Structures are given as C-alpha cells and as structure tokens.
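J.: Protein chains in written order, with our numbering: chain P, 22 to 364; chain X, 492 to 922.
The hints are simulated quantities; they were obtained by calculation from the structure and are not laboratory data. Quick caveat, the model's predicted, so the values are computed rather than measured. Note that CB positions come from ideal geometry on N, CA and C, so glycine has one too. Incorrect hints may appear among the rest.
Derived contacts from chain P toward chain X, CB cut-off under 8 Å, selection only [what the hints assert, rightly or not]: (1) Leu54; (2) Gly128; (3) Leu135; (4) Leu141; (5) Arg145; (6) Ile281; (7) Ala343.
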Amino acid sequence: MAFLIRQTLIYSVPLMIVALAGVFAERSGVINLALEGMMIFGAYIGVVCMNVMMSLGWFDAVKASGNPWTAQWYLLLAMFVSSVAGSIFSLLLAFAAIHLKADQTIGGTALNMLAPAIVLFMVRITAKQNSLLLASGDSATWFMIKKAMWGFDKSQKLSVLGEAFLNKVYLTTYFCIILFIVLSVVLYKTKFGLRLRSCGENPQASASLGINVNRMRYTGVMISGALAGLGGCVFAVTTANCSANGDVAGFGFLALAVMIFGNWKPLPIALGALLFGLFKCIAASYATLDVNGDGYYVLANLGISSHIYRVLPYLVTLIVLAFTSKRSRAPKAEGIPYDKSSR
Amino acid sequence: MENKPFFQREGVKTILASLLSIVIGLLAGAVIIVIVGLTNGSIIPSAIWDAIRLVIAGVFNTGRDAATGALTFGFNPVYFGNLLFRAMPLILTGLSVAVAYKTGLFNIGAPGQYLAGTCATLFLALSIPTSSIPAWMVWVIAFLGGMIAGALWGCIPGLLKALLNINEVIACIMTNWLAAGLVTWAFDISSLKNVLEGTKTGYIYKTSTIINDVVVDGVRTISGAKIPEGAQVLATRGGVATPKLGLDSLFPGSQVNAGILIAILLAVVFYIIMEKTTLGYQLKACGSNRYSAKYAGIKDKRNIVLSMAMAGAMAGAAGALYSLSGNTEFFWTTYQTLPAVGFTGIAVALLAVNNPVGVIFSGMFMSLLNINGQQITNLTAYNEYITDVIIAVIVYLSAFMLIIRMWISKKRTKPGDKSGKPDRKTAEVSK
Numbered sequence: 022m023a024f025l026i027r028q029t030l031i032y033s034v035p036l037m038i039v040a041l042a043g044v045f046a047e048r049s050g051v052i053n054l055a056l057e058g059m060m061i062f063g064a065y066i067g068v069v070c071m072n073v074m075m076s077l078g079w080f081d082a083v084k085a086s087g088n089p090w091t092a093q094w095y096l097l098l099a100m101f102v103s104s105v106a107g108s109i110f111s112l113l114l115a116f117a118a119i120h121l122k123a124d125q126t127i128g129g130t131a132l133n134m135l136a137p138a139i140v141l142f143m144v145r146i147t148a149k150q151n152s153l154l155l156a157s158g159d160s161a162t163w164f165m166i167k168k169a170m171w172g173f174d175k176s177q178k179l180s181v182l183g184e185a186f187l188n189k190v191y192l193t194t195y196f197c198i199i200l201f202i203v204l205s206v207v208l209y210k211t212k213f214g215l216r217l218r219s220c221g222e223n224p225q226a227s228a229s230l231g232i233n234v235n236r237m238r239y240t241g242v243m244i245s246g247a248l249a250g251l252g253g254c255v256f257a258v259t260t261a262n263c264s265a266n267g268d269v270a271g272f273g274f275l276a277l278a279v280m281i282f283g284n285w286k287p288l289p290i291a292l293g294a295l296l297f298g299l300f301k302c303i304a305a306s307y308a309t310l311d312v313n314g315d316g317y318y319v320l321a322n323l324g325i326s327s328h329i330y331r332v333l334p335y336l337v338t339l340i341v342l343a344f345t346s347k348r349s350r351a352p353k354a355e356g357i358p359y360d361k362s363s364r
Numbered sequence: 492m493e494n495k496p497f498f499q500r501e502g503v504k505t506i507l508a509s510l511l512s513i514v515i516g517l518l519a520g521a522v523i524i525v526i527v528g529l530t531n532g533s534i535i536p537s538a539i540w541d542a543i544r545l546v547i548a549g550v551f552n553t554g555r556d557a558a559t560g561a562l563t564f565g566f567n568p569v570y571f572g573n574l575l576f577r578a579m580p581l582i583l584t585g586l587s588v589a590v591a592y593k594t595g596l597f598n599i600g601a602p603g604q605y606l607a608g609t610c611a612t613l614f615l616a617l618s619i620p621t622s623s624i625p626a627w628m629v630w631v632i633a634f635l636g637g638m639i640a641g642a643l644w645g646c647i648p649g650l651l652k653a654l655l656n657i658n659e660v661i662a663c664i665m666t667n668w669l670a671a672g673l674v675t676w677a678f679d680i681s682s683l684k685n686v687l688e689g690t691k692t693g694y695i696y697k698t699s700t701i702i703n704d705v706v707v708d709g710v711r712t713i714s715g716a717k718i719p720e721g722a723q724v725l726a727t728r729g730g731v732a733t734p735k736l737g738l739d740s741l742f743p744g745s746q747v748n749a750g751i752l753i754a755i756l757l758a759v760v761f762y763i764i765m766e767k768t769t770l771g772y773q774l775k776a777c778g779s780n781r782y783s784a785k786y787a788g789i790k791d792k793r794n795i796v797l798s799m800a801m802a803g804a805m806a807g808a809a810g811a812l813y814s815l816s817g818n819t820e821f822f823w824t825t826y827q828t829l830p831a832v833g834f835t836g837i838a839v840a841l842l843a844v845n846n847p848v849g850v851i852f853s854g855m856f857m858s859l860l861n862i863n864g865q866q867i868t869n870l871t872a873y874n875e876y877i878t879d880v881i882i883a884v885i886v887y888l889s890a891f892m893l894i895i896r897m898w899i900s901k902k903r904t905k906p907g908d909k910s911g912k913p914d915r916k917t918a919e920v921s922k
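Chain P with its partners taken away, still in its complex shape (with noise of 0.2 Å):
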C-alpha cells in the first residue's frame, strides 16, 4: 500500500505541475501545446545542471561529509535551473503567438519537435550515446530521503503512513505540491491571477481597462515555460533515474489532456492527476505492485495481459474526456491572437 500511494504521488506529482503549467499559458489565452518539448528541455537542462555539479566536486563533499540534506539543495538549484531553461525556451511560442500572431496549435507542435532534436543533437555529441546519465551514481544515491535520514533505525518498521510519506521518497513531491497550491491561490485570489484569467476570456475588454494584454499573456506563457521545465526535471529525477533521452514518455501530452479533464481548473486538476498518477503507475510496476503487503501481487495474478495495463492510461484519458467534454468550458479567447482593433 505504501509502495502504491508513494509511486502513484511520483507520478501524478510531474502530471500535475504541467497541467498547471498548461492552465497558465491558456488563461492568459495562448494555446500551450508544448507542453511535452518543453519538458523535454527542462528535463534535459536538469540533467545537464546535475552532471556540471557533480564534475565540480559538490556531490563527492556531499558523500565526505555524511550529511545527504546538503543534496537537497542541489536539487533545488537544479530545479530551479530548469525551470529557467523552460522560461527562457517558452520566449519561442509566447514570441510566435503574441507576436506574429502564429497558429499557437502549429507554433506548439514545433516546439515539440525541436525540443527532442536539439536534446538528442547535443546528447550524441557530448555523450557519445543517446542517452545523458549522471556521471556516477543514480537519483536514489543522492536525491531520495529514506528514513535513516529522518533518524529512524534502518530496521525500524514505519507505519503504512510514514512508509508512504517519509521512506524512499523526493523533495520534488513536497516541493511540487506546495507550489500548486500557492500558484493556484495566485491565479484565483490575488489581481494578478485576475488578470491573468481576464486576458483569455476577453481581452479587448481587459485593455479597456489599462491591462497590458500582451504583457499578461507573455508572462502567463513564462511562468507555464518554467513550470513545464520544472516538471521536466521532476520527471528526471523520480521517474527516468537522471537521464535525458529527448523523451519524457508523453508526459506532457498527458497532462494536457488532465487540464482539459480538470477543466482548466486547479483542484480538478490536482484530482485527475491522481487519477492519472495511478493508472501510470500500475501500467508501470503492475507485476511487482503488493497491495495489502502480504507479499501477493494481485495485478499480475489477475491473468491480464501486461499489454492491457500498457494501454490502459490512454484508453481511460479517451474514455474520462469523453464522459467530461460536454461541460468543459475552455477559455473564450485561447488561440486567437489579440487583436487591438476587433471587438
């Protein structure tokens, strides 16, 4: 059970801060169809910010002075990093879309493109291979907070609770969802996130009231650029084990589709992450997944094939959006490029 909800809040920890990152850029009124490329470039920028610490030294101090927190940081500075790298690449589709008033659904699958092409590029010619790992070491080595670290005897049985919460779990989870809520009380309580939201229903009308529609709307696209890269790096460190293969396993489409399903809404949104998060995570870990802990593995006894539970994130998505499509409401104005003059 522990193993469950603790891989399930891996999973659905990345769907959820993306998806996020897809209600800021369509609030503000631009279509974010890449979502995927840039966390692709996040995870990447990540991986990248990772390895040029460790070629410095800091991680073997880390391992010297016995104290993993330290690590922590790193992984902060590493995930902040990232979510730079993903600002700055979202400057392509917000300078598109505000711009040159691009088609954003265009503008967006090229990003997706370009961002898996120029990752793959650089990673072949700097690591000879297709993939970046971390130069020693994998994520669980440095980054995962088992319960040693909280004081507990490593023999010392935790409840199922703090199995879940404490044992052999990340920063990123904990971290991911505080700022969830925090961006979410943003977008809904504060006059920015008013704002914001008033660009992508109807912005002739927020200019006549002095907002500076294609200000709100680049900003609305950074901060979905950051979180989108933040979330790239989340993945790379819970999911891909620190490594950066132009791929983020259709991630980013994924939360995509959690927005609409969540009706560009944060809790809903929160709500079919998990949702999300637990089929990935039995499509994921089916055969070794012990429910009650008694050492029996129900999934994979059940006698269904694996190719079902490999399918079944993207069938229940078709199937969720088809019963939900009829009251989502997407914002009025996403997609069509401000135009001062019609109203």
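Please build the complex by placing chain X on the supplied structure of chain P, with the hints as guidance.
T.: Below, chain X without anything else, positioned relative to chain P:
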C-alpha cells in the same frame, strides 16, 4: 489573376514563402553546427565545413577520397533511389495531415494510423497463402487492408470530435499511444515474429519472405523457402513485394520501387478531389467555418469523420507501402516509440501549405534531409538529429507563413500600393 505581375500571384507567393522557410531552416542548422563545432573541443574545423556541405548536399555525396580524406560529390544512384523510397511514406503521411487540415482538423494522429496500416498489411500479406491466391492479389488485399485499417483508426478521433466535441489533438495523441500498445500486443501473440532468420530478434517477417507451412514427421511446423526432406507442404505464405517497374535499374543498389508512383498518384487524386469536386468543396467549407457550413446545408459531422477517415487511409497507405516494399523489417515492440514518419508528415504538409501536389515536393525535400542526416552521422562527428532541428525550424516558420507571405508581397510592391493586403470588403464578407 493571369494579368497580375509574376510575384503577385498567390501560388508564386506561397512557393516563395516555402522556399524562404527552407533557406532559413538550413541556415539555422548551419549556425548550430558552427556554434557547436566551435565550442566543442573534440570537433575539428574541417568537420564543421564537411557537416554544412552534407546538410545541404549529402545526397550527392560519394564518400571520402581515399588519399586526401576530403568529401567527394557526384551523382549517387543509391542515395537518389533511397530518397524516392523514403519520400513515399512521407508524401502519404503529409497528404494525411494536409487533407485533415483542409477540413480544419489538426491530424497529429498519423503515427497511430501508420501503425494500424502497417499492422493490418503485415497480417494480411503474411497470412494469406500465396499457394492458393496469386501474390499480386495478396498485395492488393494487403494494401487495401492497410488503408482501411488506417481509415478506421482515423475515424476514432473524427467521431469523438464530431459527436462529443473532444479536441482532436488530444484524441489523436491518445489513439497514437493506444495504437502503439495494441500493435505490440497483436504481434506479441501472433506467429509472425521472425524465427526463420535467427540473426536479429524482435522483428516481423519481411513480406517478401517465403514461409512454408509444413508437416514433418506428423508435426506441424514452418520452414523457409528451403523445404526439409520428407516434409509435406500444406501451404505457402509470403513472397509479396511491390514491383520495381525498372526503377531499380535506373537507381541500382537502392530500395526504390513502384510505391513512389502510387504515392504521387494518390497525391494527384487528392488534388482533384479537393479542388474539382463537390465533396472537396464541402470539406473545405467545414474547414473554414463549421457552423456556417452547417447553416448552408452541409453535413458537418459527416464531413469531419470522412475527412479523418481519408487522412487515416493515407497514413495507413504509408505504412502499407513501406511494409510491402519487401525489404523493410518491422520492429514490433513499439509500445514506447511512435514512428517518426508520422510526425514528419506534419512538417511535410505545412511546408506544402497543405496543397496535395505541393506535398509531393515537400515530401521529397524531407526525405532529402533524412538522407543528408544519415551522411552526417556516417561521415562527421555530428549526428542526424541536426536535420530534425531543421525540420522543426521549418514547422515553426510555417506557423506564421501568412506573415512571411505578406512580407514578400510588401517587398515586391511599391509604397502606397495596397494590393498585397487583403481587401477590406472581402475580408468583412468572409467573416
């Protein structure tokens, strides 16, 4: 129309805009090559120049001079033939995206439809006994089967869009991954996994492989073209491949076959459907405004599904022709990867501004980049992903193709002449 100066014609402007985005894309690629070459210590300056030449003209490459190590250029029939061969699926997936786009749908589902086509074609081509039905008929059945499978797979996002108003982009992406999972499943439980040629594992038989269902000592088994002694042959399967029609003597050593002619023919057929028939008009009307088309008595829902079905059929045909060429092998555990040719189809269609005839040329161009990329990997310290970067840049530029076209018109008109801008009156009417 005919009286307009050359550079004012719509078609000319469109072609110029596409050529311009190609040039900018190649320039961007060259700049990246130079920057990476200068900042990366392991790349020598001559490699930078080699890579730039290969990115533009890799298809003319004839290897390296044995004495000096310099690149040599000339007509290379192998690369030209392969260019045509690889253009074949690209033209078809490009058509797939272009046809849907004309109806206002963004078909990012071509990879899934391509897989559906591949799967159906391989099953049909390798299961129908050629001992009872002539091989050419099996070819036709397999090809049509692939097209139908692609069309059915394309219908799913079409139906979801038409009936439930689900964004087709999301639906397409989900059906892509579904297809990848289901195709893996289908081949996993099939008996088409290549066991006769034990050199590589994880592949399906080529359609040209001859498989004999035989009984040896009362045990049913299969054998290759060579039948073991004393075995009784029940049926023969496989041995199906697209005819070469003499193209192999034109481009000796390459993979080219008549499939490229079929692809070109289909592009022309789609041009006629789109431009000269009522159906095409209806589809385009739905694309420009679904609701006013409905108001005018056009069945919008039917047309959306039909458009996605046609798009799917084209992507399915791409998969079918590629597998039926007889010398390609399908790696069947594909549940984690989608065929890149489906995504490149988007670039092909956008570069051609969704014109079916234009797709022929842009498909060839993308195929050229693909060949060039291969040369870069083989001959320099760089790798083929630089061509993916170029393709992405071209797609990015095509997002604001309209601006580029307006910019071209402005350049060619004297100040004060407003002919390059849309007429205000017609613009209002079209709203």
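J.: Run every hint past the structure and note whether it holds.
T.: Here's how the hints hold up against the structure:
The beta carbon of P/Leu54 is positioned within 8 Å of a beta carbon in chain X (closest approach about 7 Å), and the interface hint is therefore held. Nearest Cβ of chain X to the Cβ of P/Gly128: about 4 Å, under the 8 Å cut. The hint holds. Using the Cβ-Cβ criterion of 8 Å, the hint placing P/Leu135 at the interface with chain X is satisfied: the shortest such distance is roughly 4 Å. Annotation: P/Leu141 was flagged as interfacial toward chain X, and the flag holds, the nearest CB pair being 4 Å apart, inside 8 Å.
Nearest Cβ of chain X to the Cβ of P/Arg145: about 4 Å, under the 8 Å cut. The hint holds. At about 6 Å, the closest approach between the beta carbon of P/Ile281 and any beta carbon in chain X falls short of 8 Å, and the interface hint on this residue holds. Evaluation of the P/Ala343 hint against chain X yields a held restraint, the C-beta minimum of about 5 Å falling below 8 Å.
This entry satisfies every hint, going by the numbered hints stated previously.
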